[in-house]
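Chains A and B are the protein sequences, given in the same order.
Residue numbers for the first sequence follow numbering that gives the first Met the number 0, beginning at 0 and rising by one.
Residue numbers for the second sequence follow numbering that gives the first Met the number 0, beginning at 0 and rising by one.
Treat each hint with caution, since some may be false.
List time: in silico EDC-like cross-link candidates among lysine to aspartate or glutamate, alpha-carbon distance up to 16 Å [stated by the list, open to error]:
#, chain 1, residue 1, chain 2, residue 2
1, A, Lys122, B, Asp5
2, A, Lys122, B, Glu18
3, B, Lys83, A, Glu22
4, A, Lys122, B, Glu55
5, A, Lys122, B, Glu16
6, A, Lys89, A, Asp67
7, A, Lys89, A, Asp155
8, A, Lys89, A, Glu159
9, A, Lys89, A, Glu62
10, B, Lys83, B, Glu49
11, A, Lys122, A, Asp155
12, A, Lys122, B, Glu21
Here are the computed distance ranges between Cβ atoms for each label pair [stated by the list, open to error]:
#, chain 1, residue 1, chain 2, residue 2, range
13, A, Val45, B, Ser1, 33 to 41 Å
14, A, Asp28, B, Ala58, 29 to 37 Å
15, B, Glu49, A, Ala10, 19 to 27 Å
16, A, Arg150, B, Val3, 28 to 36 Å
17, B, Asp20, A, Ala33, 25 to 33 Å
18, B, Glu55, A, Arg132, 33 to 41 Å
19, B, Asp5, A, Glu22, 34 to 42 Å
20, B, Glu55, A, Val45, 27 to 35 Å
21, B, Asp20, A, Phe60, 30 to 38 Å
22, A, Arg132, B, Tyr67, 17 to 25 Å
No lab work stands behind these hints: they were computed from the structure.
Where a beta carbon is used, it is the ideal one built from N, C-alpha and C, also for glycine.
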Amino acid sequence: MSGEHASSTVAVRVRRLEERLIEAGVVGDDQLDAILTGVLNGASPVNGARIVARAWTDAGFRERLLADANAALPEVGLSMAGGIQEQRLKVVENTAEQHNVLVCTLCSCYPIGLLGPSPSWYKSEAYRSRVVRDPRSVLAEFGLTLGDGVRITVWDSSAESRYMVLPRRPDGTDDLGEEALARLVTREGLIGTAAV
Amino acid sequence: MSRVNDVGGQSGFGPLEIEADEPPFHADWEARVYALNTALVRSGVYTLDEFRDAVERMAPAEYLAASYYERWLHAIETLVAERKVLGDG
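One chain only, chain A, in its complex shape (with noise of 0.2 Å):
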């Protein structure tokens, strides 16, 4: 279901119901444009990026986030309301035995507010049916080679549950302020298909 002529007609699809929906007052053109440059602007990996860096300097704040997450998020000036509805927030921190990473088998549940909207490998059946059954293979096709002593837990997230990863802080970056901390965080690392 691609091609041009296909998502034209979606398009105007799209376009139709949203001017009924305006006309009958169930939603308001200026609620629609707040939303979107909400998520355009304020849903992003920096923030979670932040969220780590705070981790990795801060003993308090890490003990903090990994017991309660939600609880923690404020201290960051975050918070788990920037999706669609506010849900509940796991974070779970990798060693150097032990490797997480995210997926929803179901459908796409992830944390949208701290991440930004998630990639489309994370929403396809190719990655949400493998992963929980072979994930070693996965993590290498995004080229995250484990060795055999690091034991890997996957995190199915549901619409209530949802989970980041708090990566290992990288050797050698003792000197390193919570800024550029932040700044060697990806999304991926976010959500455990890289190592940082």
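Place chain B on chain A using the hints.
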């Protein structure tokens, strides 16, 4: 009962396709669908669970043929019709 979307552990969906520097949305209409769905959930027309259910009860062939945001559009149209919010039900 397992539905078509319950793909965890299944085989045969092919290799991963990883797009470099992927934009948040691939077309303007996808962004409009995202905004519409968020507005309808926040306005209480339906809940996020009801939205997911509307995606997941699509006919399997239709679900598998549709792109991600086409599924969303289908679900929104289904729920808007079922809730009769346009007064034409």
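- Query: Holds or violated: A:Lys122 with B:Glu16, Cα cutoff 16 Å?
  - Reply: Distance of about 11 Å is within 16 Å: holds.
- Query: Does 29 to 37 Å hold as the CB distance between A:Asp28 and B:Ala58, or does it fail?
  - Reply: The hint (29 to 37 Å, Cβ to Cβ) holds, given that A:Asp28 and B:Ala58 are roughly 33 Å apart.
- Is the hinted range of 17 to 25 Å satisfied by the C-beta distance from A:Arg132 to B:Tyr67? Given a distance of about 22 Å, which is inside 17 to 25 Å, the answer is holds.
- Honestly, do A:Val45 and B:Ser1 meet the 33 to 41 Å range at C-beta? Since A:Val45 and B:Ser1 have Cβ atoms about 38 Å apart, the given range 33 to 41 Å holds.
- Query: Is B:Lys83 close enough to B:Glu49, meaning Cα to Cα at most 16 Å?
  - Reply: Holds, at roughly 15 Å.
- For the pair supplied as a hint, A:Lys122 and B:Glu21, confirm whether the alpha-carbon distance does not exceed 16 Å. holds, 13 Å
- Task: With 27 to 35 Å as the target window, see if B:Glu55 and A:Val45 comply at their CB atoms.
- Result: holds, 32 Å
- Query: Between A:Lys122 and A:Asp155, does the CA-CA distance stay at or below 16 Å?
  - Reply: OK: A:Lys122 and A:Asp155 at ~13 Å, within 16 Å.
- Query: Is A:Lys89 close enough to A:Asp155, meaning Cα to Cα at most 16 Å?
  - Reply: Given pair A:Lys89, A:Asp155 holds - Cα atoms ~11 Å apart, limit 16 Å.
- Query: Between B:Asp20 and A:Ala33, does the beta-carbon spacing fit 25 to 33 Å?
  - Reply: At roughly 27 Å between Cβ atoms, A:Ala33 and B:Asp20 fall inside 25 to 33 Å, so the hint holds.
- Query: Hey, A:Lys89 versus A:Glu159, does the alpha-carbon distance stay inside 16 Å?
  - Reply: OK: A:Lys89 and A:Glu159 at ~11 Å, within 16 Å.
- Query: For the pair supplied as a hint, B:Lys83 and A:Glu22, is the alpha-carbon distance within the 16 Å limit?
  - Reply: This hinted pair holds, its Cα atoms lying about 14 Å apart.
Comparing the model with each numbered hint stated earlier shows that hint 18 is the single one that does not hold.
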